[in-house]
Amino acid sequence: SQQGEEDPQALSIQEGENATMNCSYKTSINNLQWYRQNSGRGLVHLILIRSNEREKHSGRLRVTLDTSKKSSSLLITASRAADTASYFCATAFSGNTPLVFGKGTRLSVIA
Amino acid sequence: EAGVAQSPRYKIIEKRQSVAFWCNPISGHATLYWYQQILGQGPKLLIQFQNNGVVDDSQLPKDRFSAERLKGVDSTLKIQPAKLEDSAVYLCASSASGERYFGPGTRLTVT
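The listed protein sequences derive, respectively, from chains A and B. So in my numbering, spot 15 of the first sequence is number 15, and the numbers just go up one at a time. Going from the second sequence to my numbering is simple: count from 1 and add 111.
No lab work stands behind these hints, which were simulated from the structure alone. Ideal placement from N, C-alpha and C gives every residue a C-beta, glycine not left out. The reader is advised that the hints may include incorrect statements.
What the hints assert, rightly or not - For lysine-lysine, the following BS3-like pairs were computed, each having C-alpha atoms within a straight-line distance of at most 30 angstroms:
1. B:Lys122 - B:Lys155
2. B:Lys173 - A:Lys26
3. B:Lys126 - B:Lys189
4. B:Lys155 - A:Lys70
5. B:Lys155 - A:Lys103
6. A:Lys69 - B:Lys155
7. A:Lys56 - A:Lys70
8. B:Lys189 - B:Lys155
9. A:Lys103 - B:Lys194
10. B:Lys194 - A:Lys56
11. B:Lys155 - B:Lys194
12. B:Lys189 - B:Lys122
13. B:Lys155 - A:Lys26
14. A:Lys26 - A:Lys56
15. B:Lys126 - B:Lys155
16. B:Lys155 - B:Lys173
17. A:Lys26 - A:Lys69
18. A:Lys103 - B:Lys122
19. A:Lys70 - A:Lys103
20. B:Lys122 - B:Lys173
21. B:Lys182 - A:Lys103
22. B:Lys122 - B:Lys194
23. A:Lys56 - B:Lys155
24. A:Lys70 - A:Lys26
25. A:Lys56 - B:Lys122
26. B:Lys194 - B:Lys126
27. A:Lys69 - A:Lys103
28. B:Lys182 - B:Lys155
29. A:Lys56 - A:Lys69
30. B:Lys173 - B:Lys194
31. A:Lys56 - A:Lys103
32. A:Lys26 - A:Lys103
33. B:Lys122 - B:Lys182
Stated by the list, open to error - Quick list of simulated restraints, FRET-style, between CB atoms:
34. A:Arg80 - B:Ala141: 31 to 41 angstroms
35. B:Glu196 - A:Thr67: 44 to 54 angstroms
36. A:Glu5 - B:Lys194: 43 to 53 angstroms
37. A:Gly59 - B:His140: 21 to 31 angstroms
38. A:Glu15 - B:Ile123: 16 to 26 angstroms
39. A:Ile110 - B:Leu150: 22 to 32 angstroms
40. A:Thr67 - B:Tyr121: 19 to 29 angstroms
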């Protein structure tokens with residue numbers, strides 16, 4: 001079964017706008033990871049946030065984690081057409097246990 | 112560093128035929144994963160290896176799927192016999208710690 005559930009399922013924005021995607025999960029986790037998948041390509045790791053962290057930044061990406069609400073958000077600022085992809089959150093119960101992926105959010109950035 | 116290599120990239124077979132996929136992980140990564148990604152869904156873990164031992168194969172349909180990692184480096188995943196519902200992208204990933212590095216995947220079409 002898939003633990004993470006991304007919301008929305010699809011998102012379409014104009015270039016330059018910010019994009020926010022949310023992920024909810026059901027059980028306690030060790031860490032939560034966000035991945036990007038371009039059409040026809042493999043998954044690329046974006047950010048890993050541990051259960052004792054609340055926020056992490058990487059370039060134009062900002063990830064928050066609220067363990068009390070069992071939710072995370074991914075914010076992409078100043079979006080570009082190249083950000084068009086599917087974004088998945090994945091949860092892990094411990095450092096090297098299997099990641100459980102959600103169904104993803106399909107982001108379309110229109111130039 | 113070289114990424115995770117997979118072959119073939121595409122495969123079309125008829126149902127009840129056999130197929131095998133190959134994966135070469137990033138050098139030095141002890142953990143190797145095989146995921147199945149059906150169109151429109153997130154990846155689902157099939158099997159996880161730690162060196163040449165199986166850590167988790169709870170979601171591997173063992174009546175038709177098998178995988179091995181004999182020397183603790185590269186790995187093969189086999190399906191015998193294939194069913195229509197096996198049509199998917201098969202992703203291999205490796206890791207040294209929490210972050211997974213994914214290969215480009217093998218797109219399997221069963222007709």
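Going through the hints against the structure:
no.: 1; hint: B:Lys122 - B:Lys155; verdict: holds (20 angstroms)
no.: 2; hint: B:Lys173 - A:Lys26; verdict: holds (28 angstroms)
no.: 3; hint: B:Lys126 - B:Lys189; verdict: holds (14 angstroms)
no.: 4; hint: B:Lys155 - A:Lys70; verdict: holds (21 angstroms)
no.: 5; hint: B:Lys155 - A:Lys103; verdict: holds (10 angstroms)
no.: 6; hint: A:Lys69 - B:Lys155; verdict: holds (24 angstroms)
no.: 7; hint: A:Lys56 - A:Lys70; verdict: holds (16 angstroms)
no.: 8; hint: B:Lys189 - B:Lys155; verdict: holds (16 angstroms)
no.: 9; hint: A:Lys103 - B:Lys194; verdict: holds (23 angstroms)
no.: 10; hint: B:Lys194 - A:Lys56; verdict: violated (43 angstroms)
no.: 11; hint: B:Lys155 - B:Lys194; verdict: holds (17 angstroms)
no.: 12; hint: B:Lys189 - B:Lys122; verdict: holds (13 angstroms)
no.: 13; hint: B:Lys155 - A:Lys26; verdict: holds (17 angstroms)
no.: 14; hint: A:Lys26 - A:Lys56; verdict: holds (21 angstroms)
no.: 15; hint: B:Lys126 - B:Lys155; verdict: holds (22 angstroms)
no.: 16; hint: B:Lys155 - B:Lys173; verdict: holds (15 angstroms)
no.: 17; hint: A:Lys26 - A:Lys69; verdict: holds (9 angstroms)
no.: 18; hint: A:Lys103 - B:Lys122; verdict: holds (24 angstroms)
no.: 19; hint: A:Lys70 - A:Lys103; verdict: holds (17 angstroms)
no.: 20; hint: B:Lys122 - B:Lys173; verdict: holds (21 angstroms)
no.: 21; hint: B:Lys182 - A:Lys103; verdict: violated (34 angstroms)
no.: 22; hint: B:Lys122 - B:Lys194; verdict: holds (14 angstroms)
no.: 23; hint: A:Lys56 - B:Lys155; verdict: holds (26 angstroms)
no.: 24; hint: A:Lys70 - A:Lys26; verdict: holds (7 angstroms)
no.: 25; hint: A:Lys56 - B:Lys122; verdict: violated (39 angstroms)
no.: 26; hint: B:Lys194 - B:Lys126; verdict: holds (5 angstroms)
no.: 27; hint: A:Lys69 - A:Lys103; verdict: holds (20 angstroms)
no.: 28; hint: B:Lys182 - B:Lys155; verdict: holds (25 angstroms)
no.: 29; hint: A:Lys56 - A:Lys69; verdict: holds (17 angstroms)
no.: 30; hint: B:Lys173 - B:Lys194; verdict: holds (14 angstroms)
no.: 31; hint: A:Lys56 - A:Lys103; verdict: holds (23 angstroms)
no.: 32; hint: A:Lys26 - A:Lys103; verdict: holds (15 angstroms)
no.: 33; hint: B:Lys122 - B:Lys182; verdict: holds (26 angstroms)
no.: 34; hint: A:Arg80 - B:Ala141: 31 to 41 angstroms; verdict: holds (36 angstroms)
no.: 35; hint: B:Glu196 - A:Thr67: 44 to 54 angstroms; verdict: violated (36 angstroms)
no.: 36; hint: A:Glu5 - B:Lys194: 43 to 53 angstroms; verdict: violated (28 angstroms)
no.: 37; hint: A:Gly59 - B:His140: 21 to 31 angstroms; verdict: holds (25 angstroms)
no.: 38; hint: A:Glu15 - B:Ile123: 16 to 26 angstroms; verdict: violated (37 angstroms)
no.: 39; hint: A:Ile110 - B:Leu150: 22 to 32 angstroms; verdict: holds (23 angstroms)
no.: 40; hint: A:Thr67 - B:Tyr121: 19 to 29 angstroms; verdict: violated (41 angstroms)
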